[in-house]
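Residue numbers (this note's numbering), protein chains in the order written: chain A, 0 to 602; chain B, 0 to 602.
Because the hints were derived from the structure by calculation, they are not lab data. A virtual CB, placed ideally from N, CA and C, is assigned to each residue, including glycine. There could be a bad hint or two in this list.
[To be verified] Taking lysine-lysine pairs in the BS3-like style, the calculated list, with each CA pair at most 25 Å apart, reads: (1) B:Lys286 to A:Lys412; (2) B:Lys338 to B:Lys286; (3) B:Lys412 to A:Lys318; (4) B:Lys412 to A:Lys498; (5) A:Lys414 to B:Lys338; (6) B:Lys498 to B:Lys412; (7) A:Lys414 to A:Lys286; (8) A:Lys498 to B:Lys318; (9) A:Lys498 to B:Lys414; (10) A:Lys414 to B:Lys498; (11) A:Lys286 to A:Lys142; (12) B:Lys498 to B:Lys414; (13) B:Lys318 to A:Lys412; (14) A:Lys318 to A:Lys412.
[Unchecked claim] Per the computed footprint, the stretches of chain A lying under chain B, defined by three or more beta-carbons under 8 Å from a beta-carbon of chain B, are: (15) 37 to 51; (16) 66 to 79; (17) 145 to 153; (18) 368 to 380.
Protein chains: 2
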Amino acid sequence: MTNKDAHTPASSQMNGAFTAPQGEKPQGEGKPIGWHKAYVEGSRPDLRVPVRQVHLTNGQSVTLYDTSGPYTDPGIDTDVRRGLPALRENWILARGDTEEYAGRPVRPEDDGIKHTSPRGGLRNLDAVFPGRPRQPRRSRDGKAVTQLAYARRGEITPEMEFVAVRENVLPEVVREEIAAGRAVLPANVNHPETEPMIIGKRFLVKVNANIGNSAVTSSIEEEVEKMTWATRWGADTVMDLSTGRNIHTTREWVLRNSPVPIGTVPLYQALEKVDGRAEELTWEIYKDTVIEQAEQGVDYMTVHAGVRLPYVPLTANRKTGIVSRGGSIMAAWCLAHHKESFLYENFEELCEILAAYDVTYSLGDGLRPGSIADANDEAQFAELGTLGELNRIAKRFHVQTMIEGPGHVPMHKIKENIDLQQEICDEAPFYTLGPLTTDVAPAYDHITSGIGAAMIAWWGTAMLCYVTPKEHLGLPHRDDVKTGVITYKIAAHAADLAKGHPGAQEWDDALSDARFEFRWEDQFNLALDPDTAREFHDETLPAEPAKTAHFCSMCGPKFCSMKISQDIRREHGGSQAEVEAGMAQKSKEFAASGNRVYLPVAD
Amino acid sequence: MTNKDAHTPASSQMNGAFTAPQGEKPQGEGKPIGWHKAYVEGSRPDLRVPVRQVHLTNGQSVTLYDTSGPYTDPGIDTDVRRGLPALRENWILARGDTEEYAGRPVRPEDDGIKHTSPRGGLRNLDAVFPGRPRQPRRSRDGKAVTQLAYARRGEITPEMEFVAVRENVLPEVVREEIAAGRAVLPANVNHPETEPMIIGKRFLVKVNANIGNSAVTSSIEEEVEKMTWATRWGADTVMDLSTGRNIHTTREWVLRNSPVPIGTVPLYQALEKVDGRAEELTWEIYKDTVIEQAEQGVDYMTVHAGVRLPYVPLTANRKTGIVSRGGSIMAAWCLAHHKESFLYENFEELCEILAAYDVTYSLGDGLRPGSIADANDEAQFAELGTLGELNRIAKRFHVQTMIEGPGHVPMHKIKENIDLQQEICDEAPFYTLGPLTTDVAPAYDHITSGIGAAMIAWWGTAMLCYVTPKEHLGLPHRDDVKTGVITYKIAAHAADLAKGHPGAQEWDDALSDARFEFRWEDQFNLALDPDTAREFHDETLPAEPAKTAHFCSMCGPKFCSMKISQDIRREHGGSQAEVEAGMAQKSKEFAASGNRVYLPVAD
């Protein structure tokens, strides 16, 4: 599946999108118009960065960032029961700073099972991941193995180079941003299947999709399918927020089949282990859960260590209290014991654990506002102050760290969130949920939040956690996942444009060119969602000729502005330069005629 | 359908939404939980302002702005063949400054019919509107009959009072804003069916929905249905952009059945009359079309008088040329004749015509950008300068005027649009299409543009023209119209919140209260789209008990943050005040214990 581009070094063509030089023919003779998977090779043959190559009918081609993994490569035979190839395995081994070990034994209660059966557990054995068993790894001899540690030592890892090619920047820029703590490259040494990606304000804005079964509904198969589906539409990371049964097993399947970093909230599983009784949680149970998940390969973990005992009373007058699940669990624990949070108290030990696997922190905003009324209040910003403190501690342990953000925030209060976060957290990447800009539209919260997401990303947020239409109402199905991802890809790309991200506009330009020239097939293929664009077009004008028609069903042939605009060009000169010259001449004549100002018309 | 509220004078309860005083019982004994149509009476019995009254399960009620017209009033027997009651007729007659006259005879070519048949035309006679024939009216003896003229004379019309009640402001504020040209109240004397509404930055942000058949598809019935459907979901005005056959007749049906102001682009019909050949357009044909439409009752008209000959060459280097249909038609005419636009040249005569019927100008942005690449360019801003000039001329003739805006604009270039428009056009209301913040998502342009719409409205845009998912691809169906309207209601309301519009947040607060207290039915009834919210909820948890369950299908009972939050309140004190006191006490104890700062944990 490697084509000519595979030998093209990273260039300005790689940043989000590019239009190939004029006149270049489509890659690979006889390749059909449309898009296919391609790779750009780095400095070594095992460093091949996937891209989505769109071949246009005018012979040009456009390269887009690709998150879909090996699934869209017909040359790779994927099988969810075997898992994905371990892309990063040799890189990790070559560093020689980690070692395999026996690992923590998997117990029935990891899957929420209380009583052992004669066969050693009630677990449905068919559900156990059948792929190649691999011993977990961790750092050896106290070595600092995180990407942050490497970056600080001035070393550019293959992961960093992979990201540099993907983002079209120099590898040194990647290293610098990671070293400064302004970007994270989430890549657990036990998740070698992941294709390296970076989260930071100097790079393309990223999108996270949440999946996860709950006590009420959904199965392992569904979750794996949602993960591959979400990445197919552009999710850059996926969080597995499962809370029901088979939580360990579901995560194993998701990790072994995921080409993107996987995030979790270990607290959810820890709570399952104490049967949902928050007050029975202990640091030991939590720590054990973190190790369990780190050994599986979770790339980043949400830790609600900023929900401190003294902050809980600050939420008493709120309209909607504490809406973060993790936040409310920790608040309940703090109040039940009237003790400071065990996460806050044991944060340094947690740093040591995360550092050993290169798990990235996502410091959770457990006190984020759950309604417009509660936005930017004392509770929220008190916690943010603590997240700043924890961020600095994490950095001492070389743990990569990003900071989570709200929530429900009206437009005029959004900027304060990112500005404060950047100041308090030393520019650590901000990772926000929305924010939702109004509370009144359940069933449309992908839109209420897409508005806020685009704005906060423009102002510097590095990753956006998607919101689906089902937010506040139910668990998202496959279609909801797609709608959420597409909405957030729009927000992210709109922000890339507004930030003036180099190369971002080339994608828009390619699509607008196709639009102006009535290249319908190219419009579809360049669209964020080609299938739906084509389907909508065909609903009104299904016939094949309509796809080359120089008008569309909105206005019909007589009223098409683009057609008239083209006619103007055609009738008043052949090339654009000629049109311009011709028009300029006419304009001069007009000016010469006195440039008539408005003359009152008598009537 | 009048309930107790009908006798409540305008109060703070009327602004967007309100929560009735604590403890007040639902209006009308035995009235079911849910929402129904109600009216608030003004200073006279024939001034009854419709509202949507939502009765909550906790005995409170919330009043929302209502655009749905008599269709949602079971006490009024509506019939599309008869048309709506002429609400404003007596007000118009009482002013005594207009007179009936024979009017321009309707001709077959008004409906795009070229040859007369033995029965006087090819028109399908069944399609002719059968409702009460009414002679058209216009100003008598050169009287200035527009709302602007009245406002300038210091007179508060019933229309202004109606609007004041609707917006919960003093009538004097309405008069002042209209007099200053900062707001328009579009209300043709020949459209007495319309329920007065106002467009201006000091009022709630409004949403326009476009309907209209095209040469390719759709029928009269479909368009009337789309109009009532759009207003049911909250469209404040509707533009009939029909371009095909039966254009006159379709408009008649739409006007006679519309409770909201109707806008048009007369140029589209004029072009039909010359068989789509732009160069054959004349001022006489255009003028005749404007009179035809003014006599029917069109409330505002888009006039592309700012597309001047010298500006056309400025578009030559654009990525997507001229994308406004009206703009491209006028550009083609200008170039074909190499003459200044006949709209610009005859603008004062046009002002006299519009003034006679109180038709409001919507000065079209014919050179708006059609792609990210073309945003804020010389052509666009040159035209804006001319719109400022035309706005001042229109005001001399007492013609109410708003200014149209773009289009496709990346987020960082949006603010310049509204700031320049407000400066150049003396704060005349800005009426924008989106703007779309990226070009790459055909089929999702309600979202790409909803982002821009929310932002530009926050910064002062008075009305937003909706964009449906079908934009760039096809003609919207009923569902697309709904999606477009709901998306834009979200953008408008998010902007009302961000502007700090008095009372806007009370709607959000009511819904968030219902959410925190697990009042599912109230959440549905308060939602912008109750049907879809309920449907999404029921998809996962259809059973009736789930609608009173203290958790939802997202997290299940154990993980519900709202439930845990409530448990915290319950377990640590009865009332909120007690919780707070209790928590504050605990917090003090915590502080007294030394307010332990973070202690490194040895490991």
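Hint-by-hint comparison with the structure:
1. Restraint check for Lys286 (chain B) and Lys412 (chain A): not satisfied, since their Cα atoms lie roughly 49 Å apart, outside the 25 Å limit.
2. A hinted pair counts as satisfied when its Cα atoms are at most 25 Å apart, and Lys338 (chain B) with Lys286 (chain B) qualifies at roughly 18 Å.
3. Simply put, Lys412 (chain B) and Lys318 (chain A) have alpha-carbon atoms about 36 Å apart, too far for the 25 Å limit, and the pair is violated.
4. With a C-alpha separation of about 11 Å, the suggested pairing of Lys412 (chain B) with Lys498 (chain A) holds against the 25 Å cut-off.
5. Restraint check for Lys414 (chain A) and Lys338 (chain B): the C-alpha separation of about 49 Å exceeds 25 Å, so the hint is violated.
6. Of the pairs offered as hints, the one joining Lys498 (chain B) and Lys412 (chain B) holds, with about 20 Å between alpha carbons and a cut-off of 25 Å not exceeded.
7. As the CA atoms of Lys414 (chain A) and Lys286 (chain A) are separated by approximately 36 Å, the hinted pair breaks the 25 Å bound.
8. At most 25 Å may separate the alpha-carbon atoms for a hinted pair to count; Lys498 (chain A) and Lys318 (chain B) meet this at roughly 21 Å.
9. For the given pair, Lys498 (chain A) sits about 15 Å from Lys414 (chain B) by alpha-carbon distance, which is consistent with the 25 Å threshold.
10. Of the pairs offered as hints, the one joining Lys414 (chain A) and Lys498 (chain B) holds, with about 15 Å between alpha carbons and a cut-off of 25 Å not exceeded.
11. Note on Lys286 (chain A) and Lys142 (chain A): the hinted pairing holds, with a Cα-Cα distance of about 21 Å set against a maximum of 25 Å.
12. At most 25 Å may separate the alpha-carbon atoms for a hinted pair to count; Lys498 (chain B) and Lys414 (chain B) meet this at roughly 15 Å.
13. Note on Lys318 (chain B) and Lys412 (chain A): the hinted pairing is violated, with a Cα-Cα distance of about 36 Å set against a maximum of 25 Å.
14. Our distance criterion of 25 Å between C-alpha atoms is met by Lys318 (chain A) and Lys412 (chain A), whose separation comes to about 17 Å.
15. For the region 37 to 51 of chain A, the assignment as covered by chain B is violated, since 0 residues bring a beta-carbon within under 8 Å of that chain's beta-carbons and 3 are needed.
16. Coverage of a stretch by a chain is defined here by at least three residues with a beta carbon nearer than 8 Å to that chain's beta carbons; for the region 66 to 79 of chain A and chain B the count is 0, and the condition is violated.
17. Figure legend: the region 145 to 153 of chain A, annotated as covered by chain B; annotation inconsistent (0 residues with Cβ-Cβ distances under 8 Å, at least 3 required).
18. Check result for the region 368 to 380 of chain A against chain B: holds, 4 residues qualifying (beta carbon to beta carbon below 8 Å, three or more required).
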